[in-house]
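In case you want the letters, here they are:
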Amino acid sequence: MSSLAMRPCGDFRTSYKADNTIFETKTIRLVTCLVIALACAAPLVLDGYFLTLFIQISYLGIAALGLNILVGFTGQISLGHGAFFGFGAFASAWLNTSFNIPVVFCIPLAGFLTMGVGMMFGMPAARIKGLYLAIATLAAQFIIQDFFGRAEWFTGGASGAMAAPVSLFGFDFDTDMSFYFIALFALVFMYIWGCNLMRSRDGRAFVAVRDHYLSAEIMGVKLNKYRLLSFGISSFYAGIGGALYGHYLGYVSSEGFTILMSIQFLAMVIIGGLGSIKGTLMGVVFMVLLPEVLEGMVGLMKYTDYGNLPMVTDGLAYIKEMAIGLVIILFLIFEPEGLAHRWGQIKNYWKCYPFAY
Amino acid sequence: MTKKILLSTTLACLTFTAGAAQAEDTVFVGHLADMSGPTAFVGKPYADGVRDALAYINAHGGIDGTKLEYETIDYAYKVPQAIASYKKWLSRKNMVAMQGWGTADTEALISFAAKDKTPIFSASYSGHLTDPKGKNPKTTKPAPYNFFYGASYSDACRGLVQWAADDWKAKGGKGKPKFTHIGANHPFPNAPKEACAEYATELGFDVQPSVVISMKPGDFKAQCLSLKSSGTNYGYIGNLGGSVQSLIKSCDTVGTDIQFMSNIWGGDKLVFKAAGEGVRNYIFPTMTPFWTDDVPGMKLVREISKMSDSTGTEERLHHYIRGVCSTYFMKESMEWAKANGGITGENVKKGMYAHKNWVPKGLEGVCLAATWTPEDHRGINQVNIYKGNFNHGDIKVEKVNQVTLERRTDWLGY
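Listed in order, the protein sequences are those of chains A and B. So the mapping is simple: the numbering used here equals the position in the first sequence, first residue as 1, plus 6. So the mapping is simple: the numbering used here equals the position in the second sequence, first residue as 1, plus 2.
If you are wondering where the hints come from, they were derived from the structure by calculation, not from laboratory data. Warning: the hint list may mix true and false statements.
[What the hints assert, rightly or not] Far from chain B by the CB rule (all over 12 Å, computed), these chain A residues:
1. Arg35
2. Thr38
3. Ile42
4. Arg133
5. Lys135
6. Val227
7. Leu255
[To be verified] Cβ-to-Cβ under 8 Å is the rule here; a few derived chain B residues that face chain A:
8. Lys90
9. Leu92
10. Ser113
11. His130
12. Thr142
13. His188
14. Thr258
Glycine included, each C-beta is placed from N, C-alpha and C at the ideal position.
Produce the entire structure from the sequences given, and follow the hints as far as they go.
Here's what the structure looks like:
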């Protein structure tokens with residue numbers, strides 16, 4: 007099956023191996039490898055602005071994938087993802103400055119620390135669901151945020167925490183171009199890990215819990231275990247994303263990790279497609295580029311005679327804010343399954359072109 | 003249909019993100035503003051001040067003939083957006099200096115600014131931005147390329163505490179006056195908390211545990227009751243905007259007898275108008291005179307204001323005037339830079355150190371005299387203390403005092 011270049015019409019998978027493959031066809035695998043190779047060469051042609059956007063896409067993308075595993079694959083909900091993201095950032099900075107652990111090890115360690123915290127706050131998840139769970143995770147958001155403000159030993163309080171750049175064999179990854187490779191590696195690594203997780207026994211258990219928890223329990227899936235594990239994995243991803251963010255900026259301040267960030271993560275996942283790994287990335291790309299594209303429009307407007315008025319430019323700034331809200335509503339109405347689903351439809355259209363059935 | 007949409011959006015993305023500009027004898031100044039986010043209440047007037055000042059400079063010859071190219075981006079207090087804008091300006095436009103805004107963006111950009119040698123003039127007055135070389139052991143992160151016009155939050159609070167100590171004596175108060183910090187548990191209200199409490203203790207205050215109120219407007223009667231029961235005499239307000247209004251209203255209802263002293267963003271005529279009768283002898287610091295004050299430099303400020311308000315009727319807040327000062331200090335350091343090797347980020351920084359007790363030309367009496375040195379970025383060590391009264395709708399703001407603070411080395415960067 008995996009040796010096919012094109013996807014056949016119909017589902018002819020006859021073995022578990024074929025059912026489990028990451029890349030459905032040879033072409034997809036080839037394209038993926040090609041894209042990664044191209045991405046490696048990208049800093050040669052792209053300027054700092056695009057590199058920053060890519061780095062943003064990767065740390066947000068990693069965290070968003072965590073949320074998608076929780077929300078999209080396990081059917082739980084979390085409104086505290088922004089706080090976990092922040093916890094990862096602080097944890098990594100703290101491990102590095104307090105114990106002199108090299109940053110490359112701090113990042114995964116911060117992931118595990120965040121995982122612990124996430125599982126602690128996920129404990130109610132084993133018992134409650136739906137709206138009640140949403141409120142419980144909302145509490146996590148506020149508790150952790152308050153903790154950032156108070157725990158001076160951990161976060162530096164009002165003055166924030168310093169995060170050293172990633173350093174390997176004496177080389178500091180402190181420029182956009184060098185950090186780009188760290189971000190790219192982390193993104194690819196974490197996404198492959200996510201794909202593999204979903205092919206595993208645990209991944210299937212998550213999906214079973216989501217689709218029908220009663221049936222899952224009858225089949226022998228331990229609900230408590232998998233709900234909690236899902237929270238742990240989700241926070242692990244958030245922690246890794248946060249740690250990358252911290253070491254990229256070189257400085258972590260608790261200012262940004264608010265409920266708004268948590269909601270933005272949810273928006274990325276919903277726009278991208280719940281329960282889709284590639285959809286997560288699409289959602290993140292969309293959410294990162296949307297304000298930039300709108301900003302670009304304002305910039306272009308400024309070059310015209312009519313556009314360079316404070317009224318127009320300020321007005322567009324408001325529209326930019328509203329556009330994000332509008333996009334979420336439009337997606338919920340017209341494309342509830344997200345960009346991933348839309349992508350699938352586009353592919354289907356071309357696959358049978360011009361003989362769509 | 004779908005592919006058409008997809009194609010056109012992709013094309014649109016490419017064209018819009020790739021917009022570039024050519025420059026002939028211009029330098030680029032980035033301007034980050036919050037006009038639609040959580041701090042828009044004061045962010046808008048401050049941004050207007052910066053923008054009008056930049057436009058005015060351009061309309062009157064620029065920096066000795068070099069035009070300023072500038073772009074205002076409303077980043078709505080979102081850090082990722084601020085970083086992206088900064089990087090875009092740096093890599094596309096060759097930015098030489100930036101006018102920034104709040105705690106969130108300023109702190110996120112400290113390391114980048116130092117690495118890229120781009121001075122950032124912020125409206126975040128955190129004390130820890132004042133230690134460019136990390137001399138104070140308490141400084142976590144030296145901020146060599148950060149400047150701001152005004153006394154730091156800590157210094158302003160110290161000035162208020164100094165005033166409060168005199169006030170207590172003048173009123174013939176007996177025993178130790180009680181001092182409480184009131185504010186949200188966020189970096190901005192927390193910035194002066196420790197430093198100010200330390201100085202208050204030094205001056206003989208009895209410092210109470212701080213009272214937390216949310217950054218968002220709400221009902222703060224419970225907090226006001228605890229202020230009342232603790233018998234607080236002097237309360238420092240660390241928040242801004244709607245939250246301050248709610249606090250004043252709630253405490254007025256509860257009937258507390260506290261002398262409120264706010265941070266620089268927490269007191270202006272808009273707040274007083276909205277907060278109503280509760281505003282009685284409300285003490286707040288400023289770094290500039292008020293719109294209606296009659297000082298020589300206000301003539302220029304009124305001209306600058308006409309850039310966006312041609313009728314000249316709009317009464318600007320003191321935040322606006324501070325934005326003008328911040329821009330004019332940058333302008334004069336750029337002029338120095340142009341005369342001494344060209345306008346680059348590094349030279350603009352050096353230009354900031356070129357003068358002592360320095361007031362931008364034309365703004366005499368408006369901007370306080372400032373001195374920046376390579377070791378000490380506490381430009382201003384003076385605090386104007388003003389008193390606001392609601393006065394049944396006829397709002398009165400009067401100057402009470404001007405406090406000058408020592409530049410103590412143990413206060414550097416904190």
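Least C-beta distance between arginine 133(A) and chain B, which was stated to exceed 12 Å = The assertion about arginine 133(A) holds, with a minimum of 29 Å to chain B.
Quick one, is the serine 113(B) hint okay against chain A at 8 Å, beta carbons?
-> holds, 3 Å
Separation of valine 227(A) from chain B, once the least beta-carbon distance is taken, above 12 Å | Nearest chain B Cβ is 38 Å from valine 227(A), so the label holds.
Restraint satisfaction for threonine 258(B) [CB to CB of chain A, less than 8 Å] | At about 25 Å, which exceeds the 8 Å cut-off, the nearest Cβ of chain A leaves the hint on threonine 258(B) violated.
Are leucine 92(B) and chain A close enough, Cβ to Cβ, to be under 8 Å, as the hint says?
-> holds, 6 Å
Double-check lysine 90(B) for me: the hint is only fine if its C-beta lies closer than 8 Å to a C-beta in chain A.
-> With a minimum Cβ separation of about 4 Å from chain A (threshold 8 Å), the hint on lysine 90(B) holds.
Minimum Cβ-Cβ distance from arginine 35(A) to chain B exceeds 12 Å = Its Cβ never comes within 12 Å of chain B, the nearest being 23 Å, so this holds.
Determine whether the non-interface label on leucine 255(A) survives the test: each CB of chain B must be over 12 Å from its CB.
-> violated, 5 Å
Status of lysine 135(A), Cβ more than 12 Å from any chain B Cβ | Given a closest Cβ separation of 29 Å, the condition holds.
Non-interface claim for threonine 38(A), where every Cβ of chain B lies beyond 12 Å = Given a closest Cβ separation of 19 Å, the condition holds.
Given histidine 130(B) as an interface hint, is the shortest Cβ-Cβ distance to chain A below 8 Å?
-> Given a least distance of 5 Å, the restraint on histidine 130(B) holds.
Reported absence of isoleucine 42(A) from the contact zone with chain B (all CB gaps over 12 Å) | holds, 20 Å
Violation of the numbered hints given earlier is confined to hints 7 and 14; the remaining hints are satisfied by the structure.
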